[in-house]
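There are 2 protein chains.
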Amino acid sequence: MSACEFESLEKSLESHLPEAELSEVKRILFGKDTQKFDLPACAVSAAVERDFELKGYRFEAAQEQLRPPRRIRVGLIQNHIVLPTDAPILDQVNAMHSRIGEMVEVAAMCGVNIVCFQETWTMPFGFCTREKEPWTEFAESAEEGNTTRFCQELAKKYNMVVVSPILEREVLHSTLWNTAVVISNSGNVLGKSRKNHIPRIGDFNESTYYMEGDTGHTVFQTQFGNIAVNICYGMNGAEIIFNPSATVGALSEPMWSIEARNAAIANHCFTCAINRVGTEHFKSEFTSGDGKKAHHDFGHFYGSSYVAAPDGSRTPGLSRTRDGLLVVELDLNLNRQISDKWSFKMTGRYSEYAEELTKAVRHDFKPNIVKE
Amino acid sequence: MSACEFESLEKSLESHLPEAELSEVKRILFGKDTQKFDLPACAVSAAVERDFELKGYRFEAAQEQLRPPRRIRVGLIQNHIVLPTDAPILDQVNAMHSRIGEMVEVAAMCGVNIVCFQETWTMPFGFCTREKEPWTEFAESAEEGNTTRFCQELAKKYNMVVVSPILEREVLHSTLWNTAVVISNSGNVLGKSRKNHIPRIGDFNESTYYMEGDTGHTVFQTQFGNIAVNICYGMNGAEIIFNPSATVGALSEPMWSIEARNAAIANHCFTCAINRVGTEHFKSEFTSGDGKKAHHDFGHFYGSSYVAAPDGSRTPGLSRTRDGLLVVELDLNLNRQISDKWSFKMTGRYSEYAEELTKAVRHDFKPNIVKE
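Protein chains in written order, with numbering that gives the first Met the number 0: chain A, 0 to 371; chain B, 0 to 371.
If you're looking for bench data, these hints aren't it; they were derived computationally from the structure.
Take the hints with a grain of salt, since some may be wrong.
Identical chains share a label here; the pair holds if one copy fits it or two copies do between them.
Using 25 Å as the maximum straight-line C-alpha spacing, the simulated PhoX-like pairs for lysine-lysine come out as follows [stated by the list, open to error]:
1) K282 <-> K292
2) K10 <-> K35
3) K25 <-> K10
4) K370 <-> K155
5) K370 <-> K156
6) K282 <-> K35
7) K31 <-> K292
8) K370 <-> K358
9) K10 <-> K291
10) K370 <-> K282
11) K291 <-> K31
12) K344 <-> K358
13) K131 <-> K292
14) K31 <-> K10
15) K292 <-> K340
Predicted model, so just to flag it, every value in this text is computed and none were measured.
Using the sequences and the accompanying hints, generate a full structural model.
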């Protein structure tokens, strides 16, 4: 069975394990069982017709006396590119807009308040090729580009916060960035968060295209909760962290299910991990610096988008092979409840960590090593 | 099926999944397949006779041109308490010494170079009870206690580094600590590492007994590699981090398999997660601050000790229910190989993180929150 045929971990476990063992296995792997919730019939049939997976789950929090529940719904979208990678750029972008448009419409039917798309969603993940052309032509202004305008329309039409990760061209300096644009449900651009930690491994040749972000770990206050994008250490009070990604392969997949969960646990917040799906073929062949033959694709983007809760539980993942929309209802009150219960922020030795980390990055750092 | 009957995740998957799916499921859950290695027949039969599980795995690294392999073997021991929790203290400690003694002998047959026992291994995990007596009587001097002397003998006899986590009494100040004593293979006490982040949740009433550690994140240079104990951010060049634990329950178990792996990945090093096993009954009943009835046990310590490699792969876990010795051969060269390949230490924005964390712990900290 090849890695791009295997549909999902959950499906495999559910088809083969006896009931009693299945519940133990799921408990150990995923934490507390996540409840499904009923999706509106119109959304279900639209998803079938438009050929994407649609799943809905709910994380509940306890009822408090002084605060009402703060239930909101997030939508995570994973999808294939629509046209071949050598189609005219505008056609590719328009086809993606139209695909995302029809998926967001279903998200709206499901009552989604905040939607997030995959990393550099308007384009193939061409950064493996190391070719500048035509990939840099996909870059757009975060504030005034066509894609941002398109998202602003969606935001206003559906009263939805839109997190739109694009390849950004900062027109003033003519620089490129890997940027998530955050658009308020009013349609205004609230701000942007640039990818901070750029990988340099295998075919992730992203550092050829853009540099480390300079926007820090900004938190965006929206009507539906304080959100942040990408890796964030939770110190700024984000309630939901979106992590749009584009990742493939044997190295990454076993880490996929643990990293976002670990971040949710460590930071007492919700995390949303989104990966694209499918295999993207490029006209020019490229090498991977591993002594192997040149090839035309980066590997299989394995989808599997999911949401993790501050108690370490998580929803099942979307498919490894199909487009999909994951709708998850969260009660943001769960964050403080878990924080009060586990007290990581209080019991953690952050001052000490800050001091040690500050020392460790100095040029004259001498580690404390005990020898005999 | 109750949580203390379910033997192990791996066993359940292996009994029910068809071959082709099993390999996909294991790849996604555990990363690259870990090789088993042949354990000597005398060790296998001694383990059967002494009624504990014995497993052996190997992580390989690539052959380099300038450095020879640095293969060493670590041993992780998980075990039940031997006598009832109300037996005389000295009898309880002696029974544990003798159980550990016979398990370490098998570790020696397997060529183990560094062995680590479970958290506060000489005693029941009585901290759930909030009774000071008799649990504080189990505390011993890290430098001169009976248990340290016992471990020094083992270290010399078997030419083995011993990591011995005990309840420490610092005689000078009459204070208690949760401390791992690191004993060199020469038999000398190399130093100690005190538990730094003390949980305050549910029945983990440890803060009633001892305070946050004051030993920082020390690294111990041994003949077999640089090691550290407990949570460590890897900045000091530890090659193996031991994490002796005592943990139970629905909250903790789904996190067990992800935290040590995440640390191994983030720090390019090996991590060894060790948990005790069994249910410990206490004579006096205690409450959990959750409105439920008083009870006599803390829950089931689920064992499942394992080793994770810097590439995110991991060994299967030991049993959830049986005593066990896990022997793992590591080539420490893998750490630098993965570091060179993934470059987290170089691409990570540590200076920025240090700066942000330093700001975040100040009293006058104002987070960067963008509003409309």
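Taking the hints in turn, this is what the structure says about them:
1. Taking the shortest Cα distances, K282 and K292 sit within 25 Å of each other inside one copy (15 Å), while across copies they are farther apart (68 Å).
2. Taking identical chains as interchangeable, the C-alpha atoms of K10 and K35 lie at most 25 Å apart only when both belong to the same chain, with a minimum of 15 Å there against 28 Å between chains.
3. In this assembly of identical chains, the alpha carbons of K25 and K10 lie at most 25 Å apart whether taken from the same copy (12 Å) or from different copies (14 Å).
4. Proximity of K370 to K155 under the C-alpha cut-off of 25 Å is restricted to the inter-copy arrangement: shortest distance 17 Å between copies versus 64 Å within a copy.
5. For the identical chains of this complex, K370 and K156 are inter-copy neighbours only, at 21 Å across copies versus 66 Å inside a copy, given an alpha-carbon limit of 25 Å.
6. When the C-alpha separation of K282 and K35 is checked against a cutoff of 25 Å, the pair qualifies neither within a copy, at 42 Å, nor between copies, at 42 Å.
7. Only between protomers do K31 and K292 lie at most 25 Å apart by alpha-carbon distance; the minimum there is 22 Å, versus 45 Å within a single protomer.
8. Taking the shortest alpha-carbon separations for K370 and K358, only the intra-copy value of 21 Å comes in at or below 25 Å, while the best inter-copy value is 34 Å.
9. In the homo-oligomer, the alpha carbons of K10 and K291 never lie at most 25 Å apart, since the shortest distance is 34 Å inside one protomer and 36 Å across protomers.
10. Taking CA atoms no more than 25 Å apart as the test, K370 paired with K282 passes in neither setting, with 56 Å inside one copy and 44 Å between copies.
11. In this homomeric assembly, K291 and K31 come within 25 Å of each other (Cα to Cα) only across copies, at 20 Å, whereas the closest approach inside a single copy is 43 Å.
12. Taking the shortest Cα distances, K344 and K358 sit within 25 Å of each other both inside one copy (22 Å) and across copies (15 Å).
13. In this homomeric assembly, K131 and K292 come within 25 Å of each other (Cα to Cα) only inside a single copy, at 21 Å, whereas the closest approach across copies is 67 Å.
14. In this assembly of identical chains, K31 and K10 lie within 25 Å of each other by CA distance both inside one copy and across copies; the values are 18 Å within and 21 Å between.
15. Proximity of K292 to K340 under the C-alpha cut-off of 25 Å is restricted to the inter-copy arrangement: shortest distance 19 Å between copies versus 53 Å within a copy.
Hints 6, 9, 10 from the list above are not met by this structure, while the remaining hints are.
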